[in-house]
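Chemist: Residues per chain are reported as follows:
There are 2 protein chains.
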Amino acid sequence: MKVSEIGEFGLIDLIDQRVGRFTYPVLMGIGDDASILHGDSAYDLVTTTDMLMEGVHFLMGKTPPYDLGYKSHTVNLSDVAAMGAIPVQSFLSLALPLDAEVESVKSFLEGFLDAGPGVQLSGGDTVSSLSGWGISVTVIGRVLSGRALRRDTAQPGDTIWLSGPVGDSAAGLAILLGKAVPESPEEAAFLTEKHNRPVPQLKMGRILAQGDLSKCAIDMSDGLLQDLGHICERSGVGARLDLENIPLSPQIISLGKKNGVDPLREWALGGGEDYSLIFTMRPDQEKRLEKVLEHEDLEAVPIGQIVPGKEISLVERGKQIPFEGIGGYNHFKKGD
Amino acid sequence: MKVSEIGEFGLIDLIDQRVGRFTYPVLMGIGDDASILHGDSAYDLVTTTDMLMEGVHFLMGKTPPYDLGYKSHTVNLSDVAAMGAIPVQSFLSLALPLDAEVESVKSFLEGFLDAGPGVQLSGGDTVSSLSGWGISVTVIGRVLSGRALRRDTAQPGDTIWLSGPVGDSAAGLAILLGKAVPESPEEAAFLTEKHNRPVPQLKMGRILAQGDLSKCAIDMSDGLLQDLGHICERSGVGARLDLENIPLSPQIISLGKKNGVDPLREWALGGGEDYSLIFTMRPDQEKRLEKVLEHEDLEAVPIGQIVPGKEISLVERGKQIPFEGIGGYNHFKKGD
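Going line by line, the protein sequences match chains G and V. The opening residue of the first sequence carries number 26 in the numbering used here; numbering runs sequentially from there. The opening residue of the second sequence carries number 26 in the numbering used here; numbering runs sequentially from there.
Possibly wrong hints are sitting among the right ones.
The list treats identical chains as interchangeable, and a pair is accepted whether it falls inside one copy or across any two copies.
[Stated by the list, open to error] With a straight-line Cα cutoff of 27 Å, these simulated DSS-like cross-link-like pairs (lysine-lysine) come out:
1) LYS282 - LYS344
2) LYS27 - LYS131
3) LYS27 - LYS87
4) LYS87 - LYS228
5) LYS316 - LYS335
6) LYS131 - LYS204
7) LYS27 - LYS228
8) LYS131 - LYS344
9) LYS335 - LYS87
10) LYS316 - LYS283
11) LYS335 - LYS283
12) LYS316 - LYS27
13) LYS204 - LYS316
14) LYS131 - LYS87
15) LYS87 - LYS204
16) LYS283 - LYS204
Don't read these hints as lab results, they were simulated from the structure.
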């Protein structure tokens, strides 16, 4: 059997099942945004790692090396944010073709470092590649002991929150790929910037964990529905999404109008790489959260509720609506 | 300028210089076998990462996936050993062609897990690749606070020790590549096993650190001369190597005889991937070390001395000899 037949999640399941339960001092192994290692007193350590391959995740001619470096760091910092942790160390491994330009490597490095000010680049590897660029990044962060935000801690009755507009990155990608025509250069710049230089929600994650406001979060890399699905699967719960509450930027609404598509269905529900946080919270914490958001100048909006069962339902003005034409990206699976 | 013109170490220097000094809580950044992160009381954390690319580090048709998994974990466990630490968590990222066989991935995973019993596989990434396999492994270990074995702590007067025979892996590779003809199938099996399934010296590293016997170690990945050179460069010292003391296995001596080459010069001094430890020690610790080695059933032999200056000199029966025809592998540099 080929890996294309079992897909990315099939492959992860295969590894997960073989590895089995993790044991102390590892508090969380495979299955969350990052692993959790029990520290010796005040802090736990979270670790996350991602790999990006030329031709699959990026095209060297299309993405400026600076943006590539920026984004390869950001996606990992975002995982650390989703654990409620503060990033401390990063590690960068680069596989490079022999004819790669040193200037490109320098630009990549600048982008990488700019994405994580205060995060110490502490090691990595440099190897040659017979094909294109390969990038592997690992980030280690610290979180107050026992306070890490996990995927498996959502409970029926929790409100589902979103820490920012969703769909901008997918809309920016559509513009970059020539699949959507922007209304203005400013709109194009705004949306493509969201795709090329997403901002990890580190402050939001840290405040949720330090303030014990939430136990459960995930960062949106695969898309709103798919990432919420990860929470539901790991927590053994279902969810109701109130579509009219999902925040959309004015730019994505304008782009949808111009191109005759529904931005919610086209970009917000299925499109990935927004790197906002989805988190869940007991309703009685709402007042505390609102005070903190105001004080810290952060935004988050409630978009639904965790429910018993294991289904996600989409509700628009009180009416349940079907899922058709909404999906997320899955490596290895052909045709997705 | 192309990366092939500045080479692997030029690339690392470029990154090192741009990143600059590391700051607390990072006790060691780029430049050692692993980084060191200050823990909150009893332990420090060491982290190391390596990347392997098909066609550069291995050939899928030539290396069984089990051995590949084994070795990709071992090289990182060896770095943890060289820090005197106990490995706790590992992370595995795989870039796989769509037509990769699920059975190959399973075998790879078995080899990976067998190489590190007790080390928790805690995460990673699975992505598709347009070319061959790409493997990135990260391992985190724990070491008593302040006791990590570093490269920058060798002092003139220290004795240089080696934790096992050297050159077997390079000799095994020569057999695999058809560049050397073995005396017997047993000899071939012994040497190729040393190449395909090297054993990380975890017990040795841990005992050196826990017993405060050494402050300085490195694992032999690039080759005896090159790795000793890393210690000298980082510590600002020179070294004298007593060639007649360098331990060679009976198998490598026999292979050299059969093929008409000097095993010391051909495989032991310049050949990499033995993953024994080079460590340095104050001479007054020798008695303590010998007792511990006997008690723990470990071996190590003195092979020279750290000296002032920055040169490495090779001495054979009291006579200094030249370096010619000895080197180590350097990624990116053409013709090395």
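Chemist: A separate judgement is required for each hint: does it hold in the structure or not?
Modeler: Each hint, compared with the structure:
1. LYS282 - LYS344: within (24 Å within a copy, 84 Å between copies)
2. LYS27 - LYS131: The answer is between: 12 Å across copies meets 27 Å, while 38 Å in one copy does not.
3. LYS27 - LYS87: Classified as between: cross-chain Cα gap 20 Å, same-chain 30 Å, threshold 27 Å.
4. LYS87 - LYS228: Intra 31 Å, inter 49 Å, cutoff 27 Å: neither.
5. LYS316 - LYS335: neither (32 Å within a copy, 61 Å between copies)
6. LYS131 - LYS204: Result: close neither inside a copy nor across copies, 32 Å intra and 39 Å inter.
7. LYS27 - LYS228: neither (42 Å within a copy, 39 Å between copies)
8. LYS131 - LYS344: Answer is neither: 53 Å inside a copy and 46 Å across each miss the 27 Å cutoff.
9. LYS335 - LYS87: Answer is neither; intra-copy 40 Å and inter-copy 46 Å both fail.
10. LYS316 - LYS283: neither (38 Å within a copy, 80 Å between copies)
11. LYS335 - LYS283: Neither, since 37 Å and 68 Å both go past 27 Å.
12. LYS316 - LYS27: Cα proximity of LYS316 and LYS27: none, with 52 Å in one copy and 54 Å across.
13. LYS204 - LYS316: neither (41 Å within a copy, 72 Å between copies)
14. LYS131 - LYS87: Only inside one copy: LYS131 and LYS87 sit 17 Å apart there, 35 Å across copies, limit 27 Å.
15. LYS87 - LYS204: within (15 Å within a copy, 44 Å between copies)
16. LYS283 - LYS204: Classified as within: same-chain Cα gap 12 Å, cross-chain 67 Å, threshold 27 Å.
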